[in-house]
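Residues per chain are reported as follows:
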Amino acid sequence: MTSALLAAAPALPLHEAGKYVAAAYGVFVTLILIYVAIIAARLQRMEKEIDSLTELAERRLGPDAGRHEDR
Amino acid sequence: MALIFFYAPLDADQGFIQKIFYVHVPMAIVALVGFVIAGVLGAIHLRTRDEVWDYRSYVAIHISVIFGVGVLLTGAIWAKASWGKWWVWDEPTLVSFLIVVLLYATYYPLRYSIEDPGRRARYASVFAITAGAFVPVNFAAVRMAQSLVHPRVFATASGGMPGEMWLTFLVSLLGITLLYLTLVRLELSAKHTRGRLKRLRKLLETEPSAGPPATPLTTVPARPSYD
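Chains A and B, in that order, give the protein sequences.
The numbering used here numbers the first residue of the first sequence as 1 and each following residue consecutively.
The numbering used here numbers the first residue of the second sequence as 1 and each following residue consecutively.
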């Protein structure tokens, strides 16, 4: 199906200018991906922090505290 | 992307290279508007003294700086493809945008060199307002400068872009604006959650016998610190 779509699409002049256009859009996508990766790393850290806080709360209040909310 | 590559016509002058325009220009517009909005948010912070506005201003600047770096990189690629040079120092548009990005790059050392949160927020807001006011002035000054090197796509005497290009540009601008707003929201949400977690840790680590009666652990304070 992809090949049929590509065959139907108008041809792009990818000779000289193609590499520059690809590089510009590549820079844009890379910037966004780097930012998303940073946010994902932060989220992971926060998840670890929540685990550690849950452990701390369970030690203080007992392991069964708030267990009914897990369901 | 489909509109850019398959709907918008090829530029008569630049050909396929002009496709960079649909990512470069919307990013520049959104970054510059973001800087101005950060100044407005800074002014609201100074007026209300509510730290939430300072953080909104900070995040708006942060995402605008990232977009600004994107504009400089895509612009350099476009320049290399069109003019054969990565950078042209005697072109006011390029140099002025670089100055704006470098100006905002100094925001981070300014912000993080002040330890007192109240003073830091005040100084950061003053910076955001001053630099935010500089952005439109700078833009107007560059527009008035007579240069024929950098293309003036909008409002040119020859009539500007055809309708298909305009539509594609507007869709790109809308897409980049939505991306900007999403990233701002994501960053604010991450900061907010980090602040709440810190506050929660402090509450959990204090001895139950010390101080006022223990706060229920399920209740997280409504106005947490963002630090």
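Among these hints, one or two may not hold up.
Think about it this way: if two alpha-carbon atoms lie no more than 30 angstroms apart in a straight line, the pair counts; the simulated BS3-like pairs of lysine-lysine are [as the list claims (entries may be wrong)]:
no., chain 1, residue 1, chain 2, residue 2
1, A, Lys19, B, Lys80
2, A, Lys48, B, Lys80
3, A, Lys19, B, Lys198
4, A, Lys48, B, Lys85
5, B, Lys191, B, Lys202
6, B, Lys202, A, Lys19
Derived by calculation from the structure, the hints in this document are not laboratory data.
Here's how the hints hold up against the structure:
| no. | hint | result |
| --- | --- | --- |
| 1 | A:Lys19 to B:Lys80 | holds, 11 angstroms |
| 2 | A:Lys48 to B:Lys80 | violated, 46 angstroms |
| 3 | A:Lys19 to B:Lys198 | violated, 47 angstroms |
| 4 | A:Lys48 to B:Lys85 | violated, 48 angstroms |
| 5 | B:Lys191 to B:Lys202 | holds, 17 angstroms |
| 6 | B:Lys202 to A:Lys19 | violated, 53 angstroms |
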